[in-house]
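So the sequences go chain by chain: A and B.
So the first sequence is numbered by my numbering: it starts at 140 and just counts up by one.
So the second sequence is numbered by my numbering: it starts at -8 and just counts up by one.
Take the hints with a grain of salt, since some may be wrong.
[As the list claims (entries may be wrong)] Which stretches of chain A does chain B cover? Using the computed rule of at least three CB atoms under 8 Å from a CB of chain B, they are:
id, stretch
1, 501 to 512
2, 519 to 528
[Unchecked claim] Have a look at the derived ranges for each label pair, beta carbon to beta carbon:
id, chain 1, residue 1, chain 2, residue 2, range
3, B, Ser5, A, Thr268, 49 to 55 Å
4, B, Pro516, A, Thr407, 53 to 59 Å
5, B, Pro575, A, Ser198, 31 to 37 Å
No lab work stands behind these hints, which were simulated from the structure alone.
In this text the structure is predicted, and so the values were computed from the model without any measurement.
Beta carbons: idealized from backbone N, C-alpha and C, even for Gly.
The chain contents come next:
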Amino acid sequence: MAAPLVLVVLVAVTVRAALYRSSLAAFIAERVEVASPLNAWKRVVEGLALLDLGVSPYSGAIFHETPLIIYLFHFLIEYAELVFMITDVLTAVALYLAIQDYNKVVFKKQKLLIELDKYAPDVAELIRTPMEMHYIPLKVALFYLLNPYTVMSCVAKSTCAINNTVIAFFILATIKGSAFLSAVFLALATYQSLYPITLFAPALLYLLQRQFIPIKPKSKSFWLYTMQYAALYLCSLVVIICLSFFLLNSWDFIPSVYGFILSVPDLTPNIGLFWYFFAEMFEHFSLFFVCVFQINVFFYTIPLAVKLKEHPVFFMFVQLAIISIFKSYPTVGDVALYMAFLPVWSHLYRFLRNIFILSCVLIVCSLLFPVLWHLWIYAGSANSNFYYAITLTFNIGQVSRARQTRLHFEDCTGSGVLPATVNSAGCVWPIQSSIAASCLSCSS
Amino acid sequence: MGLLSDPHCRRALSRLVVRLNTPLCVLSYVAGLGWFLAMALPPLAPRTYMSENAMGSTMVEEQFPHGERALAYGRDFAAQKKKAGGIPVAWLEKTMWGLGLEVYKQPFARTLPFPDESRERYMVKGTNIYGILRAPRAASTESLVLSVPCSEGTQNSQAVGLMLALAAYFRGQIYWAKDIIFLVNEHDLLGMEAWLEAYHDVNVTGKMQSSGALGRAGAIQAAVALELSSDVVTSFDVAVEGLNGQLPNLDLVNLFHAFCQKNGLLCTIQGKLQRSDWDTLPAYAHSLQTLLLMVLKQGSGRPQGDHGLFLRYHIEAITVRGINSFRQYKYDMTTVGKTLEGMFRKLNNLLERLHQSYFFYLLPSLSRFVSIGVYMPAFGFLILVLALDLWMQLNKCEAASEPRPGLLALVPPLVVCHAAGLALYLLPVLGQRVATQHFPVSEAEAVVLTVIAIYVAGMALPHSAHRALPGGGSDRGWMTLKLLALLYLAAQLSCAALLNFSLGFLLAATMVPAAAAVRPTGPRPVLAALLVLSTPAVTLLLGIFLHRELEERPAGLAEGWQLFLQALAEGLLQHHLYGALPFPFLALLTYPCWLLLWNVLCWK
């Protein structure tokens, strides 16, 4: 199995190296869909220049990376292209190993259930064969490495790739069952981009499941383990933040990284939902609506945790999708990470209605982004409404896809038995209605 | 999505779509074309109106008195030009200085990628001369441009004369709040491109050599290009279509129209005078003709006047042409000058860039317009045909019991088709030397003939592509390929329609029926004929005939063919000189997509 992976890696590295050398690299790096104010390479360079001059990199309003990133590139600036290629490869390998392990677990569970005769007779076609499962990890790696979104993100040297690597390592550590490493990487991911804090719940659920600890509020071991994991997580977070403090000897980075993420002051257009909304809004409403918008990312964790407590890995996938849709500065790199997980649930595709239509919507939207950008910014004939319309369509496409995947996941595996008619639309409907609400408010 | 998510509804819908697929496709196509034809009717084309406050409510009183002086300047200029054998640089500089303008000249040189036979030029050297009238009431942060081409022979000398007379008059007025640049550009668009690049200090097209412009007058807000070749005019014609089909803000056209009406001048668009009645059949036919002419011109992506390149720099611009034809009423230079004076004074009142009115519109006459919301459904219906057909293919693909062909089987046709497109894009210009060495043709002919040769040769490719396809020759194979081709076509046409509606619509109107109908089974010769008729090259040829027909000077077969060859050379030149997009778009995207459809037809 290693040979195909190596082949995929080689192809991916070749494509990236070729693109780095081509004239497209500069064009891609400028695209707002690929580089957000948080992770644009230009800003990293600016921060480094300030650091070299002995000025705090956060003294301007340009730089919003964490101190660890700036120190990483302080030493590796010469090899930046290499670093980004390696991080991409590491992400893919980590996902590959994680999914391989996860599949083993799933297979074992499935075998057990078959032996216990727990499955309904008509789910036979849903039971996964080893042959199918054999290729899934490879497909995941392939989906990640050769996804045009990842390639563009890497070519633009968006530090989103590094965040993805950290998250991938976190997933690997969780699936391997190492609570310590999982907590450390989760802390690192939180430190990098704040939103992965919501992945705490699925990770905890998975680890509990692995330890065969029942998830009951009354059981003592449940609380003990939860406290342990939370303590590990918080300790590592504190250590990392203190380390950052000692590196720069100031707390400047807290407002300019996390304040920047939460209060959304930079309204450069991107593929997210924030910029247009806050550009149009009266200033004195913006605090309230910032809260409303930010809650979206965190809020769905609770109902999802209740609903999906038996399927923490799927929960993790949905949570990643929610983050990439609702975060304040999303880029296509974030989308690429959760898209890589789609092959894991390939056995459910036959139940996915409209998956083809949704994929077409996403493809066409991706093509229209640069076209409408050109019409708006260069030709001056279109305006921001055109671009935001496509942003909305893109996000509605994403939401419907995430929702459908989830619905069917529940229908098919909800209680291990297919005919369970779960009225499962419950907790994802708010997502759609909030999108619809923003649609309405924008059109008015 | 509710309709599609409910399984019962969905099944019923999909059964309906599958059973009635052909009638629905035909209906949708007819609806698309019908909608387009209806756009010339008054309900869909409301009257134009001035949106910009700064230009709407204020009145100006034009007082330009120097009609005779303009003619005298024009005669002088013609004489000096004849003497100098080109643009009379020294005379123009002296005259402009004399009028109190700041004068600058800008020499430029450009070697064309291959000789332009219709204009007889290859290594072009020229000089642009421009004078800046500094505004007494502002700090040179904004400006307006009046440009006149200095073309071959005695053409446009009256325009230069009028420009100088206007400059002389404008110099004496105190109300200017924007600098005014009076520009004489040589070698029409080439000079304009050189000047614009130098003015904005950019190098868009790469190979233009020019000494940078010395004097600047702030951000240009609007520009008017004037063409005038007679002492009196009977009407004015306005050209709006710019590079890649970009259009100026509708308010600028409205402004021109308003002042023509104020001064009682006749004004035309696409050479068509608007009729006073709206509800009769001939009137409808007339506005439809005007609309079709606009669509053809915009679809060509070619600038229809010297203003065409301004639009790329976010500057609203139109070309105004004085026409002297056999009509009873003639207007002298004073009236023409007053019209221009009025336009400039209103532009001078602008507080911000023209942005209030429409940028996406079609004009069935000067006083009526079709906005983007109205014309997009016509295109939408055509794309709906593709969507319906896609669904049909998808259903068939799902229903077919054969094993799924690997996606790898589709890679050879895709790669071969795109390689053909790339060859079509690159080889003609790169290979012109080789071609002229081996064949008795000139460079320009070599380029055009290579384009045609590669284009036709591409049609033989499916045979070789198939040999590389082991086991791909199943029904599902071609269905998947068709699915891909339809998706590809729909995506690229939607992008094209947003950038240049006319191009997208013309391509959709021709390619969609063939794309929907194509299949390897059934009446092959008919389908092959349909597909060949829908290829972009044939569309271009038909477009040329239609264009001449609408201009009421029909072209014969031989003449049409000559025009076709010229249009090909022109398309390549426009791309290499100004960065026009239709040629690369057709060569790199549409042609490969068409070849994919051809592959489907030749599937074994």
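Status of the hints after comparison with the structure:
1. With 6 residues carrying a beta carbon less than 8 Å from a beta carbon of chain B, the stretch 501 to 512 of chain A meets the three-residue requirement, and the given coverage holds.
2. Only when three residues or more bring their CB closer than 8 Å to a CB of chain B does the claim for the stretch 519 to 528 of chain A stand; here the count is 3, and the claim holds.
3. Judged by the Cβ atoms, the range 49 to 55 Å given for Ser5 (chain B) and Thr268 (chain A) is violated: they are separated by roughly 30 Å.
4. Our hint of 53 to 59 Å for Pro516 (chain B) and Thr407 (chain A) holds, since their Cβ atoms are close to 56 Å apart.
5. Between Pro575 (chain B) and Ser198 (chain A) the beta carbon distance is about 45 Å. The supplied range of 31 to 37 Å is therefore violated.
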